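*Asks:* Working from the sequences, and respecting the hints, build out all of it.
4 protein chains.
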Amino acid sequence: MIIEKIKSEGLAHLSYLIGDGNEAAVIDPRRDCAVYVEMAASRGLRITHIFETHRNEDLISGAPALAELTGAPVHHGPNPAQPIRYAETVREGDCFGFGGLTLTVLETPGHTDDHVAYVIGDRDFDEGPVGVFTGDALFVGDVGRTDFYPDRAEEVAGALFDSLRKILALGDQAIIYPAHGAGSVCGAGMASREFSTVGHERLNNPRLRIGDRDAFIAAKVAENHYYPPYFRRMERLNAEGGPHLARPLRPAPVALDALDDTSARVVDVRSVPAFAGTHWSGSLCLPESMISSFAGWFLDAGEDLMLVAEDMDQAADAMTHLARIGFDRVVGAYSGMMPAAAGGKPLDSMSFVDAETVASRLQEDRNDWTLLDVRSVDELAEKRIDGAHHIYVGHLADQVGDLEPERNYTVMCASGARATVAAAWLRANGIPGVDVFLGSMGAWEAQGYPVS
Amino acid sequence: MIIEKIKSEGLAHLSYLIGDGNEAAVIDPRRDCAVYVEMAASRGLRITHIFETHRNEDLISGAPALAELTGAPVHHGPNPAQPIRYAETVREGDCFGFGGLTLTVLETPGHTDDHVAYVIGDRDFDEGPVGVFTGDALFVGDVGRTDFYPDRAEEVAGALFDSLRKILALGDQAIIYPAHGAGSVCGAGMASREFSTVGHERLNNPRLRIGDRDAFIAAKVAENHYYPPYFRRMERLNAEGGPHLARPLRPAPVALDALDDTSARVVDVRSVPAFAGTHWSGSLCLPESMISSFAGWFLDAGEDLMLVAEDMDQAADAMTHLARIGFDRVVGAYSGMMPAAAGGKPLDSMSFVDAETVASRLQEDRNDWTLLDVRSVDELAEKRIDGAHHIYVGHLADQVGDLEPERNYTVMCASGARATVAAAWLRANGIPGVDVFLGSMGAWEAQGYPVS
Amino acid sequence: MIIEKIKSEGLAHLSYLIGDGNEAAVIDPRRDCAVYVEMAASRGLRITHIFETHRNEDLISGAPALAELTGAPVHHGPNPAQPIRYAETVREGDCFGFGGLTLTVLETPGHTDDHVAYVIGDRDFDEGPVGVFTGDALFVGDVGRTDFYPDRAEEVAGALFDSLRKILALGDQAIIYPAHGAGSVCGAGMASREFSTVGHERLNNPRLRIGDRDAFIAAKVAENHYYPPYFRRMERLNAEGGPHLARPLRPAPVALDALDDTSARVVDVRSVPAFAGTHWSGSLCLPESMISSFAGWFLDAGEDLMLVAEDMDQAADAMTHLARIGFDRVVGAYSGMMPAAAGGKPLDSMSFVDAETVASRLQEDRNDWTLLDVRSVDELAEKRIDGAHHIYVGHLADQVGDLEPERNYTVMCASGARATVAAAWLRANGIPGVDVFLGSMGAWEAQGYPVS
Amino acid sequence: MIIEKIKSEGLAHLSYLIGDGNEAAVIDPRRDCAVYVEMAASRGLRITHIFETHRNEDLISGAPALAELTGAPVHHGPNPAQPIRYAETVREGDCFGFGGLTLTVLETPGHTDDHVAYVIGDRDFDEGPVGVFTGDALFVGDVGRTDFYPDRAEEVAGALFDSLRKILALGDQAIIYPAHGAGSVCGAGMASREFSTVGHERLNNPRLRIGDRDAFIAAKVAENHYYPPYFRRMERLNAEGGPHLARPLRPAPVALDALDDTSARVVDVRSVPAFAGTHWSGSLCLPESMISSFAGWFLDAGEDLMLVAEDMDQAADAMTHLARIGFDRVVGAYSGMMPAAAGGKPLDSMSFVDAETVASRLQEDRNDWTLLDVRSVDELAEKRIDGAHHIYVGHLADQVGDLEPERNYTVMCASGARATVAAAWLRANGIPGVDVFLGSMGAWEAQGYPVS
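Residue numbers (numbering that gives the first Met the number 0), protein chains in the order written: chain A, 0 to 451; chain B, 0 to 451; chain C, 0 to 451; chain D, 0 to 451.
These are computed hints drawn from the structure, not numbers from a lab. Here the structure is a predicted model, which means the values were calculated and not measured. You may find that some hints are simply not true.
[As the list claims (entries may be wrong)] Under 10 Å between C-beta atoms, here's a sample of chain D residues computed to sit facing chain B:
#1 Asn-21
#2 Glu-37
#3 Ala-40
#4 Gly-43
#5 Arg-246
#6 Pro-247
[Stated by the list, open to error] Calculated lysine-lysine pairs in the BS3-like style (CA-CA distance at most 25 Å, straight line):
#7 A:Lys-4 with B:Lys-4
#8 C:Lys-6 with D:Lys-6
#9 B:Lys-382 with C:Lys-344
#10 C:Lys-4 with C:Lys-165
#11 A:Lys-4 with B:Lys-6
#12 B:Lys-4 with B:Lys-165
#13 A:Lys-4 with A:Lys-165
#14 D:Lys-4 with C:Lys-4
#15 B:Lys-6 with A:Lys-6
#16 C:Lys-382 with B:Lys-344
#17 D:Lys-6 with C:Lys-4
#18 A:Lys-382 with D:Lys-344
#19 C:Lys-6 with D:Lys-4
#20 A:Lys-344 with D:Lys-382
#21 B:Lys-4 with A:Lys-6
#22 D:Lys-165 with D:Lys-4
Even glycine gets a Cβ: it sits at the ideal position worked out from N, Cα and C.
*Replies:* Quick look at the structure:
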């Protein structure tokens, strides 16, 4: 009787293989879904059921592809915004068995209308559930966001409150298995810890500890969440069932000349310092570890992408991250910045400036220069540098019109990472005079400069 | 903040890597301990502490070897039967931190006098423990055995009762991380499920549900446990610190002639059917999946062992299983039964007989033949075939004197697996006239024959 | 500049990835062709060309599947028996470049009419070829078989002689890269060594050393080769392009009851001794290492197959071997003979008899018993046991009518392996009274019995 | 009968596992030698002999460690500069067998006095050798360097000429297996191709094609080779037998504060652009792919090293490269430049300048600035930029006294990679005013600037 967690880094998405005897189920499979078949087979398990807790908006579900690979049916909760074409509808109390294991449906709307949890029982030890797959209803340290239906904000927050009470009623002893861990855009307050129980959350989870329904609704409605443009496409594909992806992705390596000739958008997936050191002129900076969070703001699903990576393994990882969120048109990958340099190719650098420089520029009160803070509004509310102008990194495309092409900008965030992503995008979109505050807010405070 | 479970099949031994930030701890490391260093390093963690829940008797602890590899100190509970030379003593309430994680010592004697549990806390979510490493005090579905101090049987059972109350007091929300899973000789009633909580155990664990101290003691004292002779050696080595084992084991492949010439004991680690089909005359049958449970009854730590395997990977796995329980003298391995046959080597077969044959032999009431049941006394108590003589497989060496060399024996167990192990040992020890009841009790009942 | 050999065990099929700079080619890809994409990508290479040396008859070419995966064109020699629908025709002297590497076509008919070799050149060191992909024209220690056009036997043998002269003319320094190694049905005299040169073959290869064209033809025409029935299907599929296979195969694990209910043919892929020990009644014996050579004689591409294996990894390997030769209908796999036994399932054993028993049976001149030798005619010609009846293992299906259902047979080969395969097939096809001579000819001679 | 090549990237060192039947030999094992045991065991081979072609000066031999792991004796040629304590001496004609394979000693002094080749024979196909392990005598496209005995330069070059004639006499058909491939410091003219034969080298190798002994000697004596200071230590350790290394290396991850406090030398093993982007102030730049070639010039075997890497896998690879050349004191590794930045740590950048900037600086004829070319003398002889000052990158430590601490330097090489290594070293050694010519000679020429 096993539960195996499969974590997709970047998205911090958690899916699960659960099995006993010869049978297994997969909960919330990701798009590159051969992994479940491999894991099941190596444990002597046949995947007989696929379960979704809700229609995902931040990634492409692998359920239809896995169904095709295995022949197993997909189960999904009732009342989806659009019909889920590839799934059968499950309702409160429906029960499925795998060897000695049972999964029982608990309707838990709120995050989405169709959200369900799956309660885990052990037929041989059946006093109280062993655990529960909580999807995006309950995380370790946080609960799901409820901003997807803006005109029904209070209603759905209330629905989540009620759903959480149902989960609490399962008992303190139930282990929780959520669909996301820390780092996900689906909840800001998640613990880095990836194991917890209903009881431990009841005692510690700040949102769960709000016992009053109205207070809970008020707290949820006051939250700030970002909604990248690719979410809309995910929602559609996760109803229709997107193009399948059953085997590992590997971009085609291209020679230096091919990079020269490409009409594709060049996306550099190396680390921030490597991009700053030197990069293909005009390329975007989307380090492999940040792609999942930021590609959805900057890329267009209809455009060809050419990757620049340290090596082909990094390029393959980046291509996989992109595929999980629906960017499939990777036409090749190049690695090797020094050969490109020696080939006399158009390379660029991104200048880093330090806290002292930023402080002195601010003091000079220069009228050709602005400190541009690209952090989130929550971060901004916590502390800010006086004199900085704010645009959230994800909103640059919408608000670039507010910037002046002849003006100089120093971009900052918390460390310099998102700032470099933003600065590269600005350079590629008509704002050439940008540099990056290395260390950003972290360095600013470490050097003892004041924040407000 | 991660907890990774490392399972050693066969022994069903569970050890854990726990870490946060840059630091990690290992709980109850096994002897082949490079795995922890690899896992930690690949997660960016440095092992700073090693914890033992108790002095193991069924395997060699990897704590001293891991301490040497990492420089980390070993921590062990108070009052061991012999001083633990390689460890520092921890006591109730001692607390250790790893990033945001804490481990707090809970003294839990009973299984052994030195037994402690380690309670897991999260500094950022500190209402009630997140979990607890329960060692051999509390398993999923069972509690630890208390037969290691025969003259203090009731005292130590009572101590375990008190220790379990302390664990229950941690709260229903605490996840339990025991040192063994189903299949271990350390508890017969364990669930096949490897995840549970204090709360779920409180509701379901048959032993935990005995609320009366005296009733608990009576139940524990009435249990039957086997004590293989190698346990005594493990106990000594786990106080002194046995020879280290830091790298993967691989037996030297030997040619057919070397097998011919060997003075080592030949141990066949292939499957039961393969052994029955044909095997080196005089070899023991210890299939790779059964070595951990039965080698300790039949092998002598001082003798050389020559393995016969399907292939060298199976031989390597078998060698590792043997090393974990202290049998280090594997001098080589041979694979290739058909070449041996074609070389005219001394091969033998083990005959399987079916239920019908056994039934008719029993009915004939033959006086040159006995049905020999090698199951455990607990299995025997549950059901038996009338007319069968019983010797537990592990007690054959002690009781072989009760058998008659000229007599014929059909050996049975539950399926035929242990029976084949037993039959091979009997043939190699002066009882040539043995065959095996294929399917044994299972087939007997499936065919509708009566049990009592 | 790399050449990587990819060996498919069982078929002893050799394919190659060759590359330089950013480009690579694959020579004679096998059906499960994702391996080439992985290998190329991890070396920073993009597969731009696929080459076939000839239309294979013993396996399904992966060229069309690999072409689909990579977009690379497939190249094939002229004059195929049927048009190769997925390939472009190459002719003598056509030259292709990959970085500093070149491949030049050398028409080398004989084994098949469409056979070509590909000569490897290095642009920077271009005096004389570096090597040559010799396909099935020239092996290490042997040359290709020429029995595929029975009515043109002498003509094609002569064509091969001429082709080999062209290869010899490349110079002693050229390394040879053949399409098969020892163990293939495509040449009986191959060396176990897998590296050689034109020069070393010129000096040592028994067939190449025949300098006279007529003597060579006479020698080739006198050879004995077997032609399993699946070859005809391979030939057709390798012209049309068979169904693609781009991802790893994993059979679905089935529970014991499913095995009970299956209407599929049960194929046991465990080792010969394991099959002999106990097996599902009526199952065929095709050990994983022998599947490639013998499945094509006994299985029908249109029937469902249920595997019995030691574990699911072995089942997966067996399924892959089957797919390479076009048997795709594996509906599941079961592992676990002892649970089946304990479930009272219909299991059987295969008795092994030794040389002494066979000798005494022969001496008795029993008229209800025959020693049945299933070795090849070449082995038979070398030595035989007087009194044995001969049917080649592959011809049992055709000649089973010559056997008597009530008669007892002891089956022999060289070691007992093929004999067990044959005995299992006989039992499943109306000849119940069979046992197997363990060790067979090898044991017979080792015991000092006479051969003629 | 197999020959497997094990390549150590960076050093471009080639070692070999050769085996047949049950026995294997290893030729020129590297220090991290568990790989040979694993490879042999998985192929069913037992390593029975270890052979060295010569006493290496560029890496630590793994022969003594492998001997300890396997019990196999080490064989080494006669006349070493110092006695090889761990080896037995072999002489011309000594022959060793492994199954059907033979290895025969051929004394081939020149590169070193003790150099031998091992000729590969196949007992079943014994007309002419199949191949030869040529060590550092003959490479693909080049021959060994002969500068290790400066006062006997002509004598040893002549000895190599004679040795190469002996190798040529083996016949064109013999495959060569050298101890180095392209990228090694042991021969500048090696082909990127890693497969060749005596015949192909006879036709193409520029040095082998010099048929006149005196002309050969003159050519060899005129060659330029660099001799890093660590060579002397390797020579001593390879006579004595250095400290063994039998298991994989993994540096201990350290937290940011530990990096702050370290007294160890900080070595940044990330890529050149990443280092340029931002790095720990005062750290050396030794990208993982360049460590093998350059660490030996800059590091001291007696100092502690703290690595900075992209991730712990890269750190582990770097640690392994360092160990192969005898730098064992890696005390930890840090990854995470952006957290360090956010922590306000002392970070630095390295400015890249382009060809246009360099050209204009040269034209200005500035007297506070010098273009510093760190390429080899052979590269310099081929083409140079007028006005550049030359110091070979490896000679900076010796010649830094010629540079002026107040002066500005732009460092160049062929691409900018070695220039960055050099610039980082200069900054850490009292020359703060350095930047790097990105693209260097490659970019210079691509932009059409003149070279002389």
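*Asks:* Each hint: holds or not?
*Replies:* We went through each hint and held it up to the structure:
no. : hint                     : in the structure
1   : Asn-21                   : holds (4 Å)
2   : Glu-37                   : holds (7 Å)
3   : Ala-40                   : holds (4 Å)
4   : Gly-43                   : holds (5 Å)
5   : Arg-246                  : holds (5 Å)
6   : Pro-247                  : holds (7 Å)
7   : A:Lys-4 with B:Lys-4     : holds (12 Å)
8   : C:Lys-6 with D:Lys-6     : holds (20 Å)
9   : B:Lys-382 with C:Lys-344 : holds (21 Å)
10  : C:Lys-4 with C:Lys-165   : holds (24 Å)
11  : A:Lys-4 with B:Lys-6     : holds (16 Å)
12  : B:Lys-4 with B:Lys-165   : holds (24 Å)
13  : A:Lys-4 with A:Lys-165   : holds (24 Å)
14  : D:Lys-4 with C:Lys-4     : holds (12 Å)
15  : B:Lys-6 with A:Lys-6     : holds (20 Å)
16  : C:Lys-382 with B:Lys-344 : holds (21 Å)
17  : D:Lys-6 with C:Lys-4     : holds (16 Å)
18  : A:Lys-382 with D:Lys-344 : holds (21 Å)
19  : C:Lys-6 with D:Lys-4     : holds (16 Å)
20  : A:Lys-344 with D:Lys-382 : holds (21 Å)
21  : B:Lys-4 with A:Lys-6     : holds (16 Å)
22  : D:Lys-165 with D:Lys-4   : holds (24 Å)
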